Amino acid sequence: MADSPLLQVEHLYHSFSVGNGFLKKQNTLQAVSDVSFSLAQGETLGIVGESGCGKSTLGRALLRLYQPTSGTIRFLGEDITHLTKKQMKRVRRKIQMVFQDPMESLNSRHTVYDILSEPFAIHKLGTTAERIKWVDELLTRVGLPTSSAALYPHEFSGGQRQRIGIARAIALQPDLLVCDEAVSALDVSVQAQVINLLLDLQEQMKLTIIFISHDLSVVKHISDRIAVMYLGRFVELAPAEELYHSPQHPYTKALISAIPVADPKRKMKRIVLQGDVPSPMHPPSGCPFHPRCPYAAESCKVTAQHLAALDSDAIRFAACDRIKLINN
Amino acid sequence: MVDMAETLLEVENLCVEFHLTDGDRQTCVPVLDGVSFSLEPGQTLGLVGESGCGKSVTALSIMSLLPKPMAQVSEGRILYQKKGNSIDIAALAPEELYRMRGNRIAMIFQEPMTALNPVYTVEQQVAEVFILHRPEMTKKERRSAVLELLHKVGISDPESRLKAYPHQLSGGMRQRVMIAMALACRPDILIADEPTTALDVTIQAQILELMQRLQQETGMAIIFITHDLGVVAELCDRVVVMYGGRVVESAETVSLFDMPSHPYTMGLLRSIPQLNRGSKGRLETVEGTVPSPEERGRGCGFANRCEYAEQLCRDLLPPLRQVGVLRTHLASCHFAEKINLQKKGDR
Chain A
0 MADSPLLQVE HLYHSFSVGN GFLKKQNTLQ AVSDVSFSLA QGETLGIVGE SGCGKSTLGR
60 ALLRLYQPTS GTIRFLGEDI THLTKKQMKR VRRKIQMVFQ DPMESLNSRH TVYDILSEPF
120 AIHKLGTTAE RIKWVDELLT RVGLPTSSAA LYPHEFSGGQ RQRIGIARAI ALQPDLLVCD
180 EAVSALDVSV QAQVINLLLD LQEQMKLTII FISHDLSVVK HISDRIAVMY LGRFVELAPA
240 EELYHSPQHP YTKALISAIP VADPKRKMKR IVLQGDVPSP MHPPSGCPFH PRCPYAAESC
300 KVTAQHLAAL DSDAIRFAAC DRIKLINN
Chain B
0 MVDMAETLLE VENLCVEFHL TDGDRQTCVP VLDGVSFSLE PGQTLGLVGE SGCGKSVTAL
60 SIMSLLPKPM AQVSEGRILY QKKGNSIDIA ALAPEELYRM RGNRIAMIFQ EPMTALNPVY
120 TVEQQVAEVF ILHRPEMTKK ERRSAVLELL HKVGISDPES RLKAYPHQLS GGMRQRVMIA
180 MALACRPDIL IADEPTTALD VTIQAQILEL MQRLQQETGM AIIFITHDLG VVAELCDRVV
240 VMYGGRVVES AETVSLFDMP SHPYTMGLLR SIPQLNRGSK GRLETVEGTV PSPEERGRGC
300 GFANRCEYAE QLCRDLLPPL RQVGVLRTHL ASCHFAEKIN LQKKGDR
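Top to bottom, those sequences are chains A and B.
First residue of the first sequence: 0, per numbering that gives the first Met the number 0; consecutive thereafter.
First residue of the second sequence: 0, per numbering that gives the first Met the number 0; consecutive thereafter.
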């Protein structure tokens, strides 16, 4: 049991249909394509990518907030892809989510006590007295005074609101926490406080975390492994440190070189990609990155690329069959 | 002091107040309190700080775009100097402002979708600048000038984009259109208020490169407002760090990153997760949050979050003064030297 992964995702696809109007042509938007990975207990997986790459959709599909089009999600060995709503309720206790904008994800007409005791109410846990005690404990745990319970979300600053969002997510002692851009809306000094809180909670509660963000520096700081997404696909998956020091996929290289570093003396050659991210409604043929890839060859326009192991230990993966060629 | 002949813009002791009405109660909130800095021709000045520190209000004051009558410049001067003439923008009549704005000083904003007008085409919006500031141009001249500008800011196939509406363009393209509008009259000063914050990193890299190239071509000065110290390090010659409506530190970029002298700057630099540092571990943080303008005391605005604060800090506002050996490195902290010595000892 110790070796079996907490979460195992195999060939997950999710598409949205767009333009469902009367007499209108229906289009599909492939948001997540062929994503596979497994996650060990206590591990942190970072998922990075630019807007529209499908990282949030992936996060939501994992919680079955969106029903995946195909593929399987196994949680603690159990296939949860086709569980009914009722059956999912049991699983949701163990998988929780922290959202980007706590002002939108917290009900502004509920007090902090209402918000934090709701998970207990939904799962019919504890008496009122116990719930009051638990809410106090949760607040202390995320570094808020217990007097906050009587206040409303608008009475807090952004960082404090995010702490409430985190408290709600950990209320039922989940195994897996999916953080979707959880610190992106915060100022740097507050962002650091919330990252530290997540790291502390992870240690205390043995949490497994999927950390979704567009900010590679934050992701690298918090993650053990990082997956880089582009147009719905994983293009690279590697341990955090190695991904940064020796990115393999051309997109990862460009992404890392594009991040401004707070060191005026460091002059690095920036790889500036041409053009915009193509629309996921009409993804390019073959490798989806080929129109912007500085190394693209004719074959890239035709051959689809799949995530493949780069080493015999299967630690690093990338979706590009010309990697050896490019990196020599 | 700095050689006056060399400065293009001199902001002196700028104070801005917001008058708020809450029911019957009138409150006056000091948003900027004695902000001073100067800008030289061709220079890139970074204005950094967290939300609510007053960096955008500073920019809006320079553009005279403060929401009046709610916001008022209560004290100080904003001197625009060219060819020996010196004009105080804060005291300028509206007609003279119109001639200045978009012509000598231009601005680009964070969210191009809200700054561009959704019901006008790209051509109409860029051409409007010429209609206002270059009325002598004919329609034909205007069109070719617009095309040239769009080409210059790296919009592919500009002819076909002329008739496009903002919603038909991507975020990066919209920002390019805004830059084209701002540069139409070859301004001396470009104020860029978080121009890349809403963009993805690979697109941000494109826009930063474009701005650097255009600056080299035109020799304009840029005031770059951002909260991203990485962008500052790559782009700016000089940095002004703001906190709670005041300037807390001002220095050449290299000097600021080498020897941050205000505890707030130190905290800010320590709390950013850096790609080139070791991974996974606690980040150092600045405890607490930014106080609102109403909560600011008479002393140093950072005192309640500062680990070095003493009674003096709470009682007396520290002046912005030279610290260390460089004449250009200023910080507003009573104990800057002492803290730096202590830090050297720790190392």
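No lab work stands behind these hints, which were simulated from the structure alone.
Take the hints with a grain of salt, since some may be wrong.
[Claimed, not checked] Restraint ranges, calculated between C-beta atoms of paired labels, are given here:
(1) A:Q172 x B:R313: 37 to 45 Å
(2) A:S37 x B:D314: 55 to 63 Å
(3) A:E103 x B:H150: 38 to 46 Å
(4) A:K93 x B:R297: 48 to 56 Å
(5) B:P117 x A:S50: 15 to 23 Å
(6) A:G76 x B:L19: 57 to 65 Å
(7) A:S50 x B:D257: 33 to 41 Å
(8) B:R212 x A:D199: 53 to 61 Å
As the structure is a prediction and not an experimental result, all values here were calculated from the model.
Note that beta-carbon positions come from the ideal geometry of N, C-alpha and C, so glycine has one too.
Looking only at beta-carbon atoms, does the pair K93 of chain A, R297 of chain B fall within the given range of 48 to 56 Å?
53 Å, holds
Do the beta carbons of P117 of chain B and S50 of chain A sit within 15 to 23 Å of each other?
20 Å, holds
Does the beta carbon distance between E103 of chain A and H150 of chain B stay inside 38 to 46 Å, or does it fall outside?
Holds, at about 41 Å.
37 to 45 Å as the expected CB spacing between R313 of chain B and Q172 of chain A, which holds or is violated:
42 Å, holds
Looking only at beta-carbon atoms, does the pair S50 of chain A, D257 of chain B fall within the given range of 33 to 41 Å?
35 Å, holds
Within 55 to 63 Å: is that where the Cβ-Cβ distance between S37 of chain A and D314 of chain B falls?
59 Å, holds
Is it true that the C-beta distance of G76 of chain A to L19 of chain B lies inside 57 to 65 Å, as the hint says?
At roughly 58 Å between Cβ atoms, L19 of chain B and G76 of chain A fall inside 57 to 65 Å, so the hint holds.
Supplied distance hint 53 to 61 Å, evaluated on CB atoms of R212 of chain B and D199 of chain A
Taking Cβ atoms as reference, R212 of chain B and D199 of chain A lie about 45 Å apart, which means the hint is violated.
The structure is inconsistent with hint 8 alone, although it conforms to all the rest.
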